[in-house]
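*Asks:* Mind docking chain B on chain A? Use the hints.
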Amino acid sequence: KAGVTQTPRYLIKTRGQQVTLSCSPISGHRSVSWYQQTPGQGLQFLFEYFSETQRNKGNFPGRFSGRQFSNSRSEMNVSTLELGDSALYLCASSFNGVGAYEQYFGPGTRLTVT
Amino acid sequence: GENVEQHPSTLSVQEGDSAVIKCTYSDSASNYFPWYKQELGKRPQLIIDIRSNVGEKKDQRIAVTLNKTAKHFSLHITETQPEDSAVYFCAARISGNTGKLIFGQGTTLQVKP
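Protein chains in written order, with our numbering: chain A, 1 to 114; chain B, 115 to 227.
So that you can see chain B by itself, here it is in the shape it has in the complex:
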């Protein structure tokens, strides 16, 4: 079945350190992998995404890597800041004409000043 596992569920880092969140998906037909950041009381915000024909994508302090063989993808945040504190969700889209995303359970990131 369609499933996305996300780890860790909570992550605490010191300001300036790096943070890594990992996700594994079950359906090899998945072809699009977005990451969302959700601050308390706010909507999920798309922060970066990657498609199955790309191995890595960067945007300033954030990057995402994809290993199709192992069916896992990761979010990397460098030089973390207190405003990075939020819940992060990974998701996977099954190939095909669909707007259905399967989400991981979320990671609560706390960046300590």
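Chain A with its partners taken away, still in its complex shape:
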């Protein structure tokens, strides 16, 4: 099976702009979770989508949002970008059925805000 893919791989944006990142999960996986990775804060959970519904949300401001489509592909959006939003954004897919908790990560999108 093909792995988790993310596009774009790199982005440079200016403060105040907005950005949309995309994640395509492993075929058959229904859950997509998003994480922000920074050197100072490590890996932090943003939110999870399952069957087109947000099932969990982390402690991030409302500027961070997401959605999931019927084919399980997911997008996350960050509005009014701040310098502190510069990070590697990783998505992870999981079948997330009973007892199937393994999450597999995509390569990430490196976002730089200037």
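Worth flagging that the hints you see were computed from the coordinates, not collected in a lab.
Computed from a predicted model, the values in this text were never measured in an experiment.
A few of these clues could be false.
Claimed, not checked - Here are the simulated DSS-like pairs of lysine-lysine, each with C-alpha atoms no more than 25 Å apart in a straight line:
| hint | chain 1 | residue 1 | chain 2 | residue 2 |
| --- | --- | --- | --- | --- |
| 1 | B | 182 | B | 171 |
| 2 | B | 156 | A | 1 |
| 3 | B | 151 | B | 136 |
| 4 | B | 182 | B | 156 |
| 5 | B | 156 | A | 13 |
| 6 | B | 151 | A | 1 |
| 7 | B | 136 | B | 226 |
| 8 | B | 185 | B | 136 |
| 9 | B | 156 | B | 136 |
*Replies:* Chain B in isolation, oriented as in the chain A frame:
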């Protein structure tokens, strides 16, 4: 609150030695504990995991142990090789219908040839 503490933050060993990384979790409802290896510039890769109904799991040179009473779990790497050099993350999943993982801060392992 949900928290995972990971120690040490850096670990340097000689090739062939063993390495141990320890994590402690706060939520007793946690039921799944994966370990990820992240090489520089690459995605985190799932290397081993353990569920709350199991005390130990092995896969070749790596093993994970879980002590539910003490709420801690550990990664053991034996016969370390230079290619084991990477950042290792532990994580915990809270029981329930969720794909949310809480990660430790990571351990940078350096294996010296």
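*Asks:* For each hint, tell me whether it holds in the structure or not.
*Replies:* Hints and how they fare:
1. Proximity of residue 182(B) to residue 171(B) is assessed by CA-CA distance (about 14 Å); at most 25 Å being required, the pair is judged to hold.
2. In summary, the hint linking residue 156(B) to residue 1(A) is supported, as the alpha carbons are separated by about 19 Å, within the 25 Å threshold.
3. Between the alpha carbons of residue 151(B) and residue 136(B) the distance comes to roughly 14 Å, so the proposed pair stays at or under 25 Å and holds.
4. The straight-line distance between the Cα atoms of residue 182(B) and residue 156(B) is roughly 32 Å, outside the 25 Å bound, and the hint therefore fails.
5. As the CA atoms of residue 156(B) and residue 13(A) are separated by approximately 22 Å, the hinted pair is consistent with the 25 Å bound.
6. Restraint check for residue 151(B) and residue 1(A): satisfied, since their Cα atoms lie roughly 21 Å apart, inside the 25 Å limit.
7. Annotation: proposed proximity of residue 136(B) to residue 226(B) holds, straight-line Cα distance about 21 Å (limit 25 Å).
8. With a C-alpha separation of about 11 Å, the suggested pairing of residue 185(B) with residue 136(B) holds against the 25 Å cut-off.
9. For the hint linking residue 156(B) to residue 136(B), the alpha-carbon distance of about 23 Å falls within 25 Å, and the restraint holds.
Against the hints set out earlier in the document, a violation occurs for number 4 only.
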